[in-house]
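Peer 1: Mind docking chain B on chain A? Use the hints.
Number of protein chains: 2
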Amino acid sequence: MLKNDLFLKALRGETVTRPPVWMMRQAGRYLPDFMALKNKYDFFTRCQTPELATEITVMPIDQIGPDAAILFSDILVVLQAMQIEVEMKEGMGPWIPSPIRTQKDLDKVIIPDIHEHLGYVLDAVKMTQKELNSKVPLIGFAGSPWTLLCYAVQGQGSKNFDIAKGFCFSQPTLAHELLQKITTTTIAYLKEKVNAGVHAVQLFDSWGGLLSPEDYQEFSWPYLQQIVSALKELIPVIVFGKGCWFALNEMSKSGASALGVDWTCSARNARYLSGGKITLQGNFDPARLLSPIPEIKKGVHEMITAFGKDRYIVNLGHGILPNIPFDHARAFVDAVKEYTI
Amino acid sequence: MLKNDLFLKALRGETVTRPPVWMMRQAGRYLPDFMALKNKYDFFTRCQTPELATEITVMPIDQIGPDAAILFSDILVVLQAMQIEVEMKEGMGPWIPSPIRTQKDLDKVIIPDIHEHLGYVLDAVKMTQKELNSKVPLIGFAGSPWTLLCYAVQGQGSKNFDIAKGFCFSQPTLAHELLQKITTTTIAYLKEKVNAGVHAVQLFDSWGGLLSPEDYQEFSWPYLQQIVSALKELIPVIVFGKGCWFALNEMSKSGASALGVDWTCSARNARYLSGGKITLQGNFDPARLLSPIPEIKKGVHEMITAFGKDRYIVNLGHGILPNIPFDHARAFVDAVKEYTI
Chain A
20 MLKNDLFLKA LRGETVTRPP VWMMRQAGRY LPDFMALKNK YDFFTRCQTP
70 ELATEITVMP IDQIGPDAAI LFSDILVVLQ AMQIEVEMKE GMGPWIPSPI
120 RTQKDLDKVI IPDIHEHLGY VLDAVKMTQK ELNSKVPLIG FAGSPWTLLC
170 YAVQGQGSKN FDIAKGFCFS QPTLAHELLQ KITTTTIAYL KEKVNAGVHA
220 VQLFDSWGGL LSPEDYQEFS WPYLQQIVSA LKELIPVIVF GKGCWFALNE
270 MSKSGASALG VDWTCSARNA RYLSGGKITL QGNFDPARLL SPIPEIKKGV
320 HEMITAFGKD RYIVNLGHGI LPNIPFDHAR AFVDAVKEYT I
Chain B
20 MLKNDLFLKA LRGETVTRPP VWMMRQAGRY LPDFMALKNK YDFFTRCQTP
70 ELATEITVMP IDQIGPDAAI LFSDILVVLQ AMQIEVEMKE GMGPWIPSPI
120 RTQKDLDKVI IPDIHEHLGY VLDAVKMTQK ELNSKVPLIG FAGSPWTLLC
170 YAVQGQGSKN FDIAKGFCFS QPTLAHELLQ KITTTTIAYL KEKVNAGVHA
220 VQLFDSWGGL LSPEDYQEFS WPYLQQIVSA LKELIPVIVF GKGCWFALNE
270 MSKSGASALG VDWTCSARNA RYLSGGKITL QGNFDPARLL SPIPEIKKGV
320 HEMITAFGKD RYIVNLGHGI LPNIPFDHAR AFVDAVKEYT I
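Chains A and B supply the protein sequences, listed in that same order. Residues 20 to 360 in this note's numbering are what the first sequence spells out, letter by letter. Residues 20 to 360 in this note's numbering are what the second sequence spells out, letter by letter.
Do not rely on the hints blindly, as some may be mistaken.
When chains are identical, the list treats them as one kind, so a pair holds in a single copy or across two.
Computed list of lysine-lysine pairs in DSBU-like fashion (alpha-carbon distance at most 30 Å, straight line) [unchecked claim]:
no.: 1; residue 1: K178; residue 2: K57
no.: 2; residue 1: K108; residue 2: K178
no.: 3; residue 1: K59; residue 2: K356
no.: 4; residue 1: K59; residue 2: K22
no.: 5; residue 1: K28; residue 2: K127
no.: 6; residue 1: K123; residue 2: K296
To be clear, the hints were calculated from the coordinates, so they are not data collected in a lab.
Excised from the complex, chain A in its bound form (with noise of 0.2 Å):
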């Protein structure tokens, strides 16, 4: 039994004195401790050694005191698993040396058996739940199909993605058979995240907001939607489309338990188009946690009175900031606990 559910009560719809919260990329480089295990480890090997990624994830848990913890993990390790080789460079993020281009490329690219190829992050699944040692609920999460497309294609970060979008608005055929390979290994290993133990699982769409809503729904939609479908009966499912206003409605109908949403769509807008009645995360703007606490306090509290106390996850709009005070990030969290009514 888990000592603190509000997390999973919130997901289910169900009535809470608060609402929970929690940040992504909450076990992330605005904690010293983090910073000093980033100095002696690179990314790869902090996410592949489970004693590291368990150490990392519950750092904010025990100093900031969210609601949920999330792995720390990374999207891109289900491409490494895949067959392609993801770096990561330090000052520019990912780097794929030998990106999908054309049919034989992706020929390359396997469905990878998760024990085989993932075992660590299930390792990691199961130290961290020991760690935990039932305080909190730990999400799973994984990219979404079109997102790591885009790096898979483009071989690297990018604004706009546009030799990722090049290559679905010209090979299609090959895009699709990209995006089903990769929609076929994450179920794969979101069930088995699902069997070492998370009691949730985030489906995280950083770039489906470049897409217009037609070719969303064209290469991006139909793979979460394929995702959402297999898991939903096994855990609560949460999506977040970075960027994605136009798709909350569909979302709302996929079976999905609750939608994250970025700043850029305000409460009422995301009530408005999700339909109302699924709960919703988010949406502080990571930057605006550079103001003055008084002003970080005031903004969540007023958050929540605008998205309401129920079917709310507290959150930012997107991973939160390298370059966030420690004290502003734990005085978001403590903002949500002194809500009240």
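Peer 2: Structure of chain B alone, referenced to chain A:
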């Protein structure tokens, strides 16, 4: 008298036989002749030499035939005139060696005399008008004060302009002082462009979509409104805010003649959010020009049908990408001319 006044008719909301078309950044890197000039003269030399700016502005008119010309220039020339040094670095984009972060930095920023510091733009307008010989109208433009602040404070391009946002959120008084200086300069600049002979002006709020609706109302919109109010009696004003779907309603009441929308906002949403009466401009995904030509033409025709032929200006949803084949750009313009109800 203009030989082709379709664009101005659409701005006035008059009935037309087909909508006018132009492309943001149409005087750009997809043109082989532009690339030849780019190899000979650096970026700001091209902006600052009226003969070159004129040649580049007229290039797409002769070669692909849009219904309006837009002066070759850059939004950052306004910062340069305010004594903020701006360089354009190959492969990196804008670079501001001494970004504005403190009161001391801000005190050095001047409100320039337009003739003295931006006379070369006014000369380019006059020279271009002569060269165009009333073939099509000429659009002048400026960046929104918020978007210019982003560069002035961040010091370079950025995915999230975290430093610029942190500046606004932690030092709002300074931010407003800078925004007002930019606004005052921009109004004077655009009035002189009107005097020099442009037929319409467009305001580019390229980074407005990085702000929450509330912060947009604090740091971007009031300054855009000042500019629209100062210009609207003199000339038609188009406001284009990338990612600013949430502000379309406010924008529609501003006195602007038309609003630009990006491709994440469907025609139906854009008409609904903007109140259904104002002329809209957009919104083909620039990456969709990488599709095969028959699909481009089909997409353009569907887009016109969705927006309706009246109170509509066909455009991309953002600037044309450098890797677009010339024939594809021409097909976009041709498709509009081939449109029949």
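Peer 1: Against this structure, judge whether each hint is valid.
Peer 2: Results of checking the hints against the structure:
For the identical chains of this complex, K178 and K57 are neighbours both inside a copy (26 Å) and across copies (23 Å), given an alpha-carbon limit of 30 Å. Proximity of K108 and K178 under a CA criterion of 30 Å is satisfied in both settings, with 17 Å inside one chain copy and 17 Å between copies. When the C-alpha separation of K59 and K356 is checked against a cutoff of 30 Å, the pair qualifies neither within a copy, at 34 Å, nor between copies, at 62 Å. With identical chains, the CA atoms of K59 and K22 are never at most 30 Å apart, being 33 Å at best within one copy and 69 Å at best between copies.
For the identical chains of this complex, K28 and K127 are neighbours neither inside a copy (43 Å) nor across copies (55 Å), given an alpha-carbon limit of 30 Å. Taking identical chains as interchangeable, the C-alpha atoms of K123 and K296 are never at most 30 Å apart, the minima being 46 Å within one chain and 51 Å between chains.
The structure fails hints 3, 4, 5, 6 (numbered hints given earlier, in ascending order).
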